[in-house]
Amino acid sequence: MVTKARSINNKGVALALMVTSVILVLMMIFGVMMLLNQGNVVKISPQFFYKIMTIHGTGMIGIAALGGSAIMWYFLSKHIYLNSKVFFANLLFSLIGVVMILIAIFGFNFSDGWTFLFPLPAYSANLYGKLGALLFLFGMLALGIGYLVMYFYLAARLTKEYGGLHKTLGWEHIFGGKKGYGPPPAAVATTMVIITNSIAILAGAYVLVASILNIINPAITIDPMLAKHLTYAFGHIFANCTIYMAVIAVYEVLSKYTERPWKSNKAFLIAWNCSTLFTLMIYTHHLLMDFAVPKWMLIVGQVFSYANGLPVMVVTAYGALMIVFRSAIKWDFASSMMFLAMFGWVAGAVPAIIDSTIVVNHVMHNTKWVPGHFHTYMGMGVIAMIFGFMYYFNKTEGTQKQNSYDKFAIFTYFIFFTGLAGSFLYAGKLSAPRRWAEHLPQWTATDQVGALCGIFIIAASLIFTIRFIAGLKTVGSKSTPDTLKSAS
Amino acid sequence: MYQSIAWYVTLFLVFLLALAFAFVYGESRRLREYGPIQEKGYKIRKFYFLGLLAVMGFASAMSLSKLPYHNQHAAAKEHAKVVEVAGMQYAWEFSDENFTVGEEIQFRVTSKDVTHGFGIYDPELELIAQTQAMPEYTNTLTITFDKPGTYKILCLEYCSVGHHVMMKDIVVKPKGGNGHGH
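Protein chains in written order, with this note's numbering: chain A, 1 to 488; chain B, 1001 to 1182.
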């Protein structure tokens, strides 16, 4: 029974990873096309540029969330029983959402970006027709509903197994003086994501429904400032949570490869509680240039954005360094990717924290500095964790072995991703605006460097993806001794 | 200035980070018992944590005293020139386009349609100030131009397919006039 459940869970995880990796490569191709256009190397129409910008953003966040949830589901199901139907339901909602979004963009010219700001979709609806905007907004809503269903289910399961989300967040250990370790890191991280991302999705649903109603009946409006708060409460937290799901793989893989425990001690639990609270608070750093927002709220945005760097810098990344230090770890694809991904995460947090400083944001907000920092921690952090996990999955559940292509691909991926992120950050230093279809001549060299790096990143990602899909054939051919602690 | 600080601080800190990861990687092939490593690691972590707190505290104290919001809720000073700015797809509308070096300008920025970003670029094309242009809201951005020349106003919030053409030139004249003004 348990074996069968595990096998179906694995099928879901494998399918999600396959979708993730294939869409990822496609989205990367769109990314390079945008850079080539900004760099004046190829010529595409502005409208097409903004359409692929919209799908690039939506798609990348979508697959980072999907890949992250595959990691979360896989490792959590090692500790507690999970019904794979819920995972498949989320996958189905995601696919329905993606199809609607694709039709909206390529069939009906929707190009308002994934963090569209009210009342932009209504203006676009007047130009290109209501259907495109409505399809996009309903598509996003479908995506959100899928995740919400999954999070509510996980909350119910964790509550049943551990007695409540406060317990999986370790409050008994932090406040109640309970000795020993808290729940498994996978359960702690999942709880953080459930709490923050459910709130994020509800905020997103509010602004999506308001935008939909406004398009259907323009007399129904929402305050644009409130809408922007809700949009970023959704967008910022949802994007952040991709890494909080994916990092579970770092805990599990590095612990297994070093044969050292990575358990939830008090510092670990405090760090995750801080991340829960701070992640909810700091979205206001997206509104630092909205001077009409109360000043205290913007200062909170800066101060807690700094503070939100502490859990990862002091506990998670430091923990990764400590567990690897003099451990005689076996370096292979999975362990290398997890180690490098922790570097990528913190390296991306540095320019992010600097940009959340109000005086810096005043001259760098919405320049390419911003995509510079999030490409660092998404590409070299989240996606690296997902690629590492894809290999780990095939190796653990199947019989995949590492070969020299893998090593070459890892090297290529990280070297050129450093180049890509560097080109974005440098463009930000030069004040080059983000989300511009065409750049002034002063900025095009940075775009060309970025595009060149992007081509090599695509080549490496293609190797990862092909190797993963080819390796899936061996999955299920090996019986593993892992058993569930509970199977209620 | 802040752009350069951001760039070099990022390079420096990421370099330190890379050194730390490279050091641990270099030591990863050796094998020692984990207990003593943890014990020593936690001791070092206390100092590392306090060091980070100190750096963040210092950066906060330094930067929070210079916020660009000071004129948002204050009435216009007598000597300041008030310029009403409205963004619209895909142009900027100014109530006054005469600017002189040394004169304090209060841009009162809003939008007639969707949200735009009001970014002021100096003659060297460096972004020197910005605020959002949001419908139904007015953001007051105060600036004193310190050198003459042609400045550009660029839209810095995605506002649909003409976003990148939403540019406007403004000319800042030298102090005292040079015969071309008024």
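Worth flagging that the hints you see were computed from the coordinates, not collected in a lab.
Honestly, I wouldn't trust all of these hints.
[Said to hold, decoys possible] Which residues of chain B face chain A? A partial, calculated answer using Cβ under 7 Å:
#: 1; residue: Phe1021
#: 2; residue: Pro1068
#: 3; residue: His1070
#: 4; residue: Thr1131
The beta-carbon is built from N, C-alpha and C at its ideal position, and this holds for glycine as well.
Hint check results:
no.: 1; hint: Phe1021; in the structure: holds, 5 Å
no.: 2; hint: Pro1068; in the structure: holds, 5 Å
no.: 3; hint: His1070; in the structure: violated, 9 Å
no.: 4; hint: Thr1131; in the structure: holds, 5 Å
Comparing the model with each earlier hint shows a violation of hint 3 alone; every other hint is respected.
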